[in-house]
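> The task is simple: from the sequences and hints, build the whole structure.
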Amino acid sequence: MMYTIHSRLSHNKWDNSLPPVFSIKSGDVIKVESKEASDGQVTPSSTASDLLKLDFSRIHPLTGPIEIQNAEPGDALEIEFLDLQHKGWGWTGVLPGFGFLANDQYTTPIDLAGPALKIWKVREYAEAKFGDVTSVKIPLYPFPGVIGTALPSPGKFSTIPPRENGGNMDIKHLGKGSRLYLPVFVKGALLSLGDTHLAQGDGEVCGTAIEAPIDVTLRVTLHKGKGLQQPIFESPSVKETDYREYLAYPGIDHNLWEAGKKAVKGIISILSRFMSPVEAYMLASVAVDLKVSQVVDVPNWIVTAYLPKDIFPEDFRGKLSIF
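Under my numbering, residues 13 to 335 are what the sequence shown spells out, in order.
Read the hints as simulated data drawn from the structure, not as lab findings. Note that the structure is predicted; figures quoted are calculated from it, not measured. One should not assume that every hint holds.
[To be verified] DSS-like cross-link-like pairs, simulated, lysine-lysine; straight-line CA separation at most 27 Å:
#1 K65 / K141
#2 K331 / K133
#3 K149 / K331
#4 K133 / K149
#5 K25 / K65
#6 K141 / K331
#7 K321 / K141
#8 K303 / K273
#9 K238 / K37
#10 K141 / K274
#11 K149 / K274
#12 K133 / K65
#13 K274 / K331
#14 K168 / K65
#15 K188 / K99
#16 K133 / K168
#17 K238 / K188
#18 K331 / K321
#19 K25 / K37
#20 K236 / K199
#21 K303 / K149
So this is what it looks like as C-alpha cells:
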C-alpha cells in the first residue's frame, strides 16, 4: 500500500518537538506532496516586484515530520527515490541580498541585485525566454532541495544551511533512482522534505533553482544501529544532466571562493551579449555546473563554470563564441 502525505501538513523549522503528521513502517512507500520554496507566494502569474513582498518566515515549507516506527538514535534511514512528478510550472528568481554574488560588485551594483523573476512552462522540458533567446529548454531532473531527519538538539533551527541531519543540501543527483542515507538522532527519526526543484546547476549560484511543487514518491527503509553521523548517498548516472557540448570559463584565484565567483561572472559576461546580466545570472543558477578543476597547483586554484550549449536553439549555438 502507498500512503500520500499532503503538503498542507508542513513546517519550516527543524524542531524535534514537533509531533509527527504521519507514521510509517520500514519498507513502506509514501508519496509526499511538496510545496515550492515560497509556500505559494510565487505563482505562475507573479512578477519580479512580488519578490519584494515575500514573507521570509514562510520560506522552505517542509512536508512532515514523518515518524518511522522503531527508529532510534544511532539508526539510519535509507530513502529510495522512486518517482517525482511536477505540476507544469516552476520559477527562478534573484532575491535582493541573497545568492553567490549578492555582495559582489559587478559592472554596476544593481546589475545582479534583483529582484528578478523567470516563470518556466514545464512539459517535457522547462522552457522560458531569456533576452534575445526565444526558447531556452532545460531538461528535467527533479529532486528535493531539502530533506532531513530531526536534529538531536532541542529548539527551532533554520532550514537554510545544510546540517548533519541532511537539510538544505541542494544536491541535484538526489533524483529518481538515487538512495540517500540519513542519520537518526531522535526516536521516530521525524523525516521531512521540501524545497523541490525541477533542475539546477551545481552551485545554484543565484540562490534559486527551478523551484516547483512536486510529488515525491519514495521508499523508506530503517537500518538498525549503523551509527551514521551525516548524510551519504548513492546515485546512478544522471543522463538528463549530461550535455553534448559546453562553453567553459575557468576562474583562477588563490581563494577558491573568489575563483568560483570569477567563473560565474565570466559566463554571465558572455551571456550578457544576448540577455540582461540578471537573466544570465538566473540561467547560470539553473544550468551551469561549477566544478573544482584543481587544488594542487599552489598558490592558485581553479573553479570552472560549464555552460551547456544544448539548452539553446540550434541556430543560436554558433553565436555563443568566446569572442
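> Hint by hint, say whether it matches the structure.
Hint check:
Between K65 and K141, the direct Cα distance comes to roughly 24 Å. Compliance with the 27 Å bound is thereby established for this hinted pair. For the hint pairing K331 with K133, the CA-to-CA distance comes to about 25 Å; that is within 27 Å, so the pair holds. Note on K149 and K331: the hinted pairing holds, with a Cα-Cα distance of about 17 Å set against a maximum of 27 Å. Between the alpha carbons of K133 and K149 the distance comes to roughly 10 Å, so the proposed pair stays at or under 27 Å and holds.
Between the alpha carbons of K25 and K65 the distance comes to roughly 21 Å, so the proposed pair stays at or under 27 Å and holds. Proposed proximity of K141 and K331 is supported: the alpha carbons are some 17 Å apart, at most 27 Å. For the proposed pair K321 and K141, the alpha carbon gap of about 15 Å is at most 27 Å, so the pair holds. For the suggested pair K303 and K273, the alpha carbons sit about 12 Å apart, so the restraint of at most 27 Å is met.
As the CA atoms of K238 and K37 are separated by approximately 18 Å, the hinted pair is consistent with the 27 Å bound. Distance hint between K141 and K274 is fulfilled; the C-alpha atoms sit about 25 Å from each other, no more than 27 Å. Between K149 and K274, the direct Cα distance comes to roughly 25 Å. Compliance with the 27 Å bound is thereby established for this hinted pair. Between K133 and K65 the alpha-carbon distance is near 23 Å, which keeps this suggested pair within the 27 Å criterion.
Under the criterion of a C-alpha separation no larger than 27 Å, the hint pairing K274 with K331 is consistent with the structure, at around 22 Å. Taking the CA atoms of K168 and K65, the gap is about 24 Å. The hint holds against a cut of 27 Å. At most 27 Å may separate the alpha-carbon atoms for a hinted pair to count; K188 and K99 meet this at roughly 17 Å. A threshold of 27 Å between alpha carbons decides the hint, and for K133 with K168 the separation of about 36 Å lies outside it, so the pair is violated.
Under the criterion of a C-alpha separation no larger than 27 Å, the hint pairing K238 with K188 is consistent with the structure, at around 24 Å. Distance hint between K331 and K321 is fulfilled; the C-alpha atoms sit about 10 Å from each other, no more than 27 Å. With a C-alpha separation of about 24 Å, the suggested pair K25 and K37 falls inside the 27 Å cut-off, and the hint holds. Between K236 and K199 the CA atoms are separated by roughly 12 Å; this keeps the pair inside 27 Å, and the hint holds.
Simply put, K303 and K149 have alpha-carbon atoms about 22 Å apart, close enough for the 27 Å limit, and the pair holds.
Checked against the numbered hints above, the structure violates only hint 16.
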